[in-house]
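Colleague: These are the residues of each chain, in order.
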Amino acid sequence: MDQHRRKFILQWADNAMILGQRLSEWCGHGPILEQDIAITNIALDLIGEARYLYQLLAKEEGGSVTEDDYPFLRKEQSFYNLLLVEQPNEDWAFTIVRQCIFDHFHFHFLMEMKNSADPALAAIAEKTLKEARYHLKYSSEWLIRLGDGTDESHQKMQNALQTMVKFVGEAYEPVEADLAMLEAGIGPDLSNIKEKALSDLKQVVTQSTLVWPNQHFDRTGGKNGSHSEHLGYILATMQYMQRSYPGVEW
Amino acid sequence: MNNNWPLYEVFIRSKNGLSHKHVGSLHASDADMALENARDVYTRRSEGVSIWVVKAADIRASDPGDASFLFEPAADKIYRHPTFYDVPDEVKHM
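As given, the protein sequences belong to chains A and B, one line each in that order. First residue of the first sequence? That's 5 in the numbering used here, and the numbers climb one at a time after it. First residue of the second sequence? That's 6 in the numbering used here, and the numbers climb one at a time after it.
No lab work stands behind these hints, which were simulated from the structure alone. Small disclaimer: the values here were computed from a predicted structure and weren't measured. Even glycine gets a Cβ: it sits at the ideal position worked out from N, Cα and C. There may be inaccurate statements among the hints.
To be verified - Ranges between beta-carbon positions, derived for each pair:
| # | chain 1 | residue 1 | chain 2 | residue 2 | range |
| --- | --- | --- | --- | --- | --- |
| 1 | B | S30 | A | T154 | 19 to 29 Å |
| 2 | A | E130 | B | E52 | 16 to 26 Å |
| 3 | B | G29 | A | N163 | 34 to 44 Å |
| 4 | A | V69 | B | H25 | 41 to 51 Å |
| 5 | A | G32 | B | H86 | 42 to 52 Å |
What the hints assert, rightly or not - Restricting the straight-line Cα-Cα distance to at most 30 Å, the calculated cross-link-like pairs of lysine-lysine (BS3-like) are:
| # | chain 1 | residue 1 | chain 2 | residue 2 |
| --- | --- | --- | --- | --- |
| 6 | A | K134 | A | K63 |
| 7 | B | K97 | B | K26 |
| 8 | A | K131 | A | K206 |
| 9 | B | K20 | B | K60 |
| 10 | A | K63 | A | K118 |
| 11 | A | K134 | B | K20 |
| 12 | B | K60 | A | K134 |
| 13 | A | K141 | B | K60 |
| 14 | A | K141 | B | K26 |
| 15 | A | K141 | B | K20 |
| 16 | A | K134 | A | K118 |
| 17 | B | K82 | B | K97 |
| 18 | A | K134 | A | K200 |
| 19 | B | K20 | A | K131 |
| 20 | A | K79 | A | K63 |
| 21 | B | K26 | A | K134 |
| 22 | A | K118 | A | K206 |
| 23 | A | K170 | A | K134 |
| 24 | A | K131 | A | K79 |
| 25 | A | K170 | A | K141 |
Sequences and hints are given; from them, build the entire structure.
Modeller: Here it is, written out as C-alpha cells:
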C-alpha cells in the first residue's frame with residue numbers, strides 16, 4: 005500500500021480514536037446526567053469513525069491484520085494524532101474548548117474529504133459528516149453558553165482557551181503525507197481549511213465574549229509520532245487488556 | 006455544578022403522521038439545551054423525527070385526587086362508545 009496514504013488515514017483515524025477514548029473518560033462523571041450521555045455519544049461517534057478507517061486499512065493490508073491491531077497493538081510513536089486530542093479533560097471548560105477547536109477542524113476536513121478522489125475515503129467522510137456537524141453545533145453552543153455565562157464560567161473558559169490555543173495550529177500544518185495526498189487529489193488543501201475553520205472558530209470565540217490569545221507558540225509533532233506525555237497514559241489504559249491477555253476476546 | 010436547572014418534559018414523534026408522545030423528562034438550563042439533551046438522551050436509537058420540549062412548570066396537570074369525580078362518571082356511560090352501530094359490510098377498515 006502507498007505509505008503516504010496509509011499514514012494519512014492513520015492521522016485521521018487516530019484523531020478520532022484518541023479523542024473518543026478521552027471523551028469516554030467522562031462516562032459516569034459528566035456534570036449532569038444529560039451531558040454525561042451527550043459527551044459519551046460523541047465519544048462513540050468518534051470511535052465509530054476511527055473503526056471505519058481502521059477496517060479499511062486492515063482490509064487493504066490483508067493477511068491476519070484486523071481493525072483492532074491499530075488501536076491496541078501500536079506503540080506511542082506509531083500514533084499520528086494531533087497533540088490537541090490527547091490533552092487531558094481537566095474539567096468541563098477544557099473539554100469543551102478542546103472539542104470546539106477540534107470540531108472546527110474536523111467538520112471542514114470532512115467537507116473537503118467527501119470530494120476526495122479516493123472513493124472509499126470520500127464515502128467515510130460523507131457518512132461521518134452529519135455527526136461532525138452536530139458535534140460542532142454542540143461544542144459551539146457550550147462555548148458560547150459558558151464564555152458568555154457567569155464571571156466564573158467566563159474565567160474558566162478563558163483559562164482553558166489560553167492553555168489550548170497552542171494546539172490549534174498543528175492540524176493545519178501539512179506533513180509529508182498531507183502534501184503527498186494533496187498532490188494525488190485524495191487529501192485536502194490544509195491552508196484552505198485553515199482559513200475557513202479558524203475564521204468560524206474565532207467568530208464563535210468572539211460571540212462567547214472570550215478573547216483569542218495572541219501570544220503563543222504552536223506545538224507540533226503529534227502528526228509525526230512525537231507526542232506529549234499524556235498519550236502514553238491513554239494507551240496504557242486503552243491497550244491494557246490486549247497487552248496483558250494477547251488475543252483476548254469476549 | 007448547578008443542580009437547579011429547570012425540568013423539561015420531552016415529547017417525541019416517532020414518524021411522520023403520528024403525534025408527539027411523552028417519553029420522559031430532563032434538566033436543562035434553557036429550551037435550546039433541553040432540545041439538544043433530548044436528542045442525545047431520547048433519540049439515540051432512532052426513536053424519532055421530531056422533538057418538543059416543554060418546561061414542566063408550564064404544564065397544568067389534573068390532580069390525581071380529583072380522578073373520582075373527573076373520570077369515573079364516564080365509566081357507566083357505555084352509550085358514548087360507538088359500538089352500537091351496525092357497520093355495513095361494504096365499509097372496510099373501521
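Colleague: Just pull the numbers of the violated hints for me, sorted ascending.
Modeller: none
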